[in-house]
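A.B. asks: Knowing the structure of chain A, use the given hints to seat chain B on it.
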Amino acid sequence: MNRIIEKIKGITWKYYLNYIVIGVVAAVFSALTFAGALPQSTLYLLERMTISIILAVSLGLVVGFLGELSLGHAGFMCIGAYIGGKVSVLLADALGKGVVNLLISLLVGALIAAAAGFIVGLPALRLKGDYLAIVTLAFCEIVKSLFQNTSEESFGGPLGLRTPRFDKQYLFIIGFVLVLVTLAVIQNLLRSKHGRAITAIRDNEIAAHATGINVTKYKLVAFVISAAFAGVAGVLYSFANNNVQAAVFDYNYSIEILVMVVLGGMGNITGTIISAAVITYLNTTLTVVLTGNLAVLKDLIYALVLILIVVYNNAPALKNFREKYNPRKFLKALLKLTHPESKKYADDEGAWARVPTKIEMNEILSTDIVVNESTKNPDKADKGE
Amino acid sequence: MEFITTLVNGLSLGGIYAMIALGYTMVYGIAKMLNFAHGDIIMVGGYTILVFLAINPIVSIVAAVVMCVLLGVSIEKVAYKPLRGSSPLAVLITAIGMSYFLQSLAQIIFGTAPRYVIIAEFGSLELGALKIGHGTLITLAAAVCVMVLLNLFVKYTKIGRAMIAVSEDKDAARLMGIDINMIITLTFAIGSALAALAGLFSLMNVPTIMPTYGALPGIKAFTAAVIGGIGSIPGAMLGGILLGVVECICNSLPGVAPYTTAIEFAILIVILLVKPTGLLGKKRREKV
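From first to last, the protein sequence lines stand for chains A and B. Each residue of the first sequence is one higher than the last, beginning at 11 in my numbering. Each residue of the second sequence is one higher than the last, beginning at 19 in my numbering.
For the record, the hints were derived by calculation from the structure and aren't laboratory data. Even glycine gets a Cβ: it sits at the ideal position worked out from N, Cα and C. Be aware that one or more of the hints could be misleading.
What the hints assert, rightly or not - Listed below are the simulated BS3-like cross-link pairs for lysine-lysine, each with C-alpha atoms no more than 27 Å apart in a straight line: (1) A:334 x B:95; (2) B:293 x A:329; (3) B:293 x B:50; (4) A:329 x B:188; (5) B:95 x B:176; (6) A:329 x B:176; (7) A:107 x A:96; (8) B:99 x B:300; (9) B:188 x B:95; (10) B:99 x B:176; (11) B:95 x A:308; (12) A:308 x A:17; (13) B:176 x A:227; (14) B:50 x B:149; (15) B:99 x A:329; (16) A:334 x B:99; (17) B:149 x B:173; (18) B:293 x B:149; (19) B:176 x B:188; (20) A:329 x A:339; (21) A:19 x A:203; (22) B:300 x B:173; (23) B:99 x B:188; (24) B:95 x B:149.
Claimed, not checked - What follows is a set of in silico ranges between Cβ atoms, one per label pair, in the way DEER data are often shown: (25) A:159 x B:134: 27 to 33 Å; (26) B:195 x A:332: 32 to 38 Å; (27) A:191 x B:72: 55 to 61 Å.
For reference, chain B alone in the conformation it holds in the complex:
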């Protein structure tokens, strides 16, 4: 019974990781860059919820999504767009700088001490010996919804298909009349909105927030995206869920628990060695 609880918790945590990982993977697929500041957008979302929670929980969620979308898009315009076409190393370092910037800005505004954000009181579902928090179930359901909707959006709408086209061949897509700049902006917007949702759901499960709040989930979700094959949307979902389940199972075993982070990263290294492009990644051919 305990194992089932752990598994459900793992799936729910995996759902959160998958949402963050989707942001990483979509941006990588389309802009061919690692957005290291993505984890910190989650943190900004969390603090926005904290600020607007006094008004109304629903208002705070909407505000968080809007804030994150605006932030994600403006980061792209200010920091990444001028570097388009230069070396990948430069873009990566700028992204790291952006992440550092957001963290220290949050520290200046809100201080380093953790703050409590209780969005709503949740009970828990009890079926015999099985006990699962409602927050966990809501997270799981929402994660499934988001993934299904995103898949439908990418596969069946005109803009979604334009996104796939851009990720496959930017120049050919431009010749087909696709506005590349608009697609990149849109990708950052969707990724940031997902990050805001991920922030919301992780606050439902663990209601404390601090300036480095997004760093570890960000790095782990990034790991998940790489495990699944960066650039692949189903890969990010698979990787996120895999990582979430592994984390919860490791945490439930007393002897293994301190090494959880090490095990997760070890899985990443092993998978990259066996399959250098990740589980569902496509092979890239080198062109001279």
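Only chain A is shown next, with the shape it has when bound in the complex:
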């Protein structure tokens, strides 16, 4: 008995916080649904939230942890939605519109999306940052255009593919289960040796390569997993709607997912989940409130918030300000969450408990001191003091 208690005490609860919170939320909403207390619109909202969370977390693997920018995440989702939707249509007569049909469609959709991720990733990941962004963007456009020009019998063409909507109310519960699966796969991957290799590539690709990490392999692994979960989200989308239209999965949709990742904090899974849920909620409610030309205000605010957050988080000039007024530090001081030993390290830059971020890593690895000093104040350097 004591052993079990010891074991429970030994669990690092931090790792499981995401699962617990999402599980509790799902349980509460399921109970409310079966009690009949939730309107249909809330159920739709929950479905959309789970789709967004899966998309954002999977894109976060590539953008936040691998450090490559993909602008074609909606393309993989499009493949999942069309392939999964088609499979579900074909199976609808034999299996009905229930859970079995959904599971088979999910599997097929995810596999095909992963295969597409592999085919795109294999050549594209030889390219660097900016080039990869444009190739994934091009891929998204190609997928969209191919599905738009299919015949009516195969994938519905420009009118879109008619899919059977899931026949029960509890699609969102399956959505939450899939969110948990996504989290389990991605979080465990990141905590493993392979995940460390992926973050090492983000921090310094050349250094990672020099230590014997197979850069191409790990980039591909991250890319394919990310694509597979985008496919899962796509299949879920096709089950949540009566119709799949290629025009939905455009460049702007990819950007919207990217906004979720960036606002949540790149490389922060909990933040990504929160921002995906909040943005989806705001999107849905604001579309009801703001009509006509005002609907655009939403996009305007997104754009401004995106720019401000990125500039605030990354501008070299604001570095001191950020360190001085760190909201996390403030919160910790308020709740007295700081580990008693951490005071010892507070002023020690070389604290081993801290994992250096990418920018700090660059500073550590840089040997070119003269150049760094002149970049700090280029105006003075020009006057030749």
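C.D. replies: This is chain B only, laid out in the frame that chain A set:
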């Protein structure tokens, strides 16, 4: 005969793409960033023409160029300059945010419905069975002029050569006494002025404008810049013209027309696979 018409149309469209692509490529060469908001500067130029067209076509063109230059330079100062020296991903995301911002601002001011902008009535040149619009010919001539002038400017003026120096080695250029900030501002100004001209010429050929007007030409011109080798000025011209001709030829074939965009992007992917730095791009060596 029809093929020649298609080819001339393609060259003219290619000229427009090349003008936009030059903006992308110059900014990439000097500031080492992808200016995703570049396409939307074309849109702003188009709307400026719409607003000032009531006064006089010439005034509207001048206003569009001035407006775009001011906008391009101020975007650089507000959004990109604070991020200089931080990760490329951050700059790229800010640029995407800027593009989104401009599009939604235009939607709020002008609405989503397309507007008609007829700058002037153009006839067309007829040589036997050959029929080419005057607008197309003017575009082609202007594109050639712009490219020649830009090449001369970059190669033979002091500022142009300073630009090349900055794109090759920023730190060495600074040690030679070149004002890097001034060169970057100037690059954004030239790129934005070219974008305004591109907006003008595409309005001559297709006289409708809407808030997402710049998005697709922007992405295509960017594709052109990457095909030609981003950072290389002749590369952007080559890529733009290649893409314009391919687009017009594809559009003229009935079975292929729906796939035009897909084919253009497929060309990009194939070229990047064969030559990862583009057709005329230089190899970059990695320094640790």
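A.B. asks: Kindly indicate which numbered hints from before are broken by the structure, ordering the numbers from low to high.
C.D. replies: 2, 6, 12, 13, 14, 17, 18, 24
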